[in-house]
Amino acid sequence: MLGDWVYSLPQVNAVINSVTAILLIAGKYQIRMGNKELHKRLMITSFILGIVFLLCYVTYHASVPSTHYQGEGFLKYIYFFLLVTHIITAIIVVPFVLLALFYALQENFFRHRKIVKYAHPLWLYVSITGVIVYLMISPYY
Numbered sequence: 008m009l010g011d012w013v014y015s016l017p018q019v020n021a022v023i024n025s026v027t028a029i030l031l032i033a034g035k036y037q038i039r040m041g042n043k044e045l046h047k048r049l050m051i052t053s054f055i056l057g058i059v060f061l062l063c064y065v066t067y068h069a070s071v072p073s074t075h076y077q078g079e080g081f082l083k084y085i086y087f088f089l090l091v092t093h094i095i096t097a098i099i100v101v102p103f104v105l106l107a108l109f110y111a112l113q114e115n116f117f118r119h120r121k122i123v124k125y126a127h128p129l130w131l132y133v134s135i136t137g138v139i140v141y142l143m144i145s146p147y148y
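Numbering-wise (our numbering), the sequence shown opens with residue 8 and increments by one.
Calculated directly from the structure, the hints in this document are not laboratory data. As the structure is a computational prediction, the values presented were derived from the model and not from experiment. Check each hint, because a few of them may be wrong.
The following label-pair restraints were derived from C-beta to C-beta distances [unchecked claim]:
1. 102 to 76: 22 to 32 Å
2. 76 to 118: 35 to 45 Å
3. 113 to 12: 19 to 29 Å
4. 9 to 39: 22 to 32 Å
5. 80 to 114: 44 to 54 Å
Here a beta-carbon is modelled for each residue, glycine too, at the ideal position from N, C-alpha and C.
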């Protein structure tokens, strides 16, 4: 075991998801305002946070037994719907984000814009639902 600090990783991941959602919204706003440099910095920061999130997520789940949702009734169905769609969307969004970053770094903004049309809302959904799922399961940690 890595130590008790790993038990704080779900909270860290919730913060990372929250900040990522804010940065994604700010980044979209900045590009619409024509501020390409700030947009670039916000998106690169979001990407780096995604990497940090993944490292924290893998570390936590490799070190700590799974926590099971214990809610009942309608909330249980909402939780599992959000969890399943969050996981599926998180898997789907990765190649979109990588392609969007690749095209942006290559300055192929035509293709970048085409892929971001899908990547941005998917990534935003993953970030927001990650926080909601955390808030719903956190009483059971």
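Quick rundown of the hints versus the structure:
1. 102 to 76: 22 to 32 Å: holds, 29 Å
2. 76 to 118: 35 to 45 Å: holds, 40 Å
3. 113 to 12: 19 to 29 Å: violated, 39 Å
4. 9 to 39: 22 to 32 Å: Taking Cβ atoms as reference, residue 9 and residue 39 lie about 43 Å apart, which means the hint is violated.
5. 80 to 114: 44 to 54 Å: holds, 52 Å
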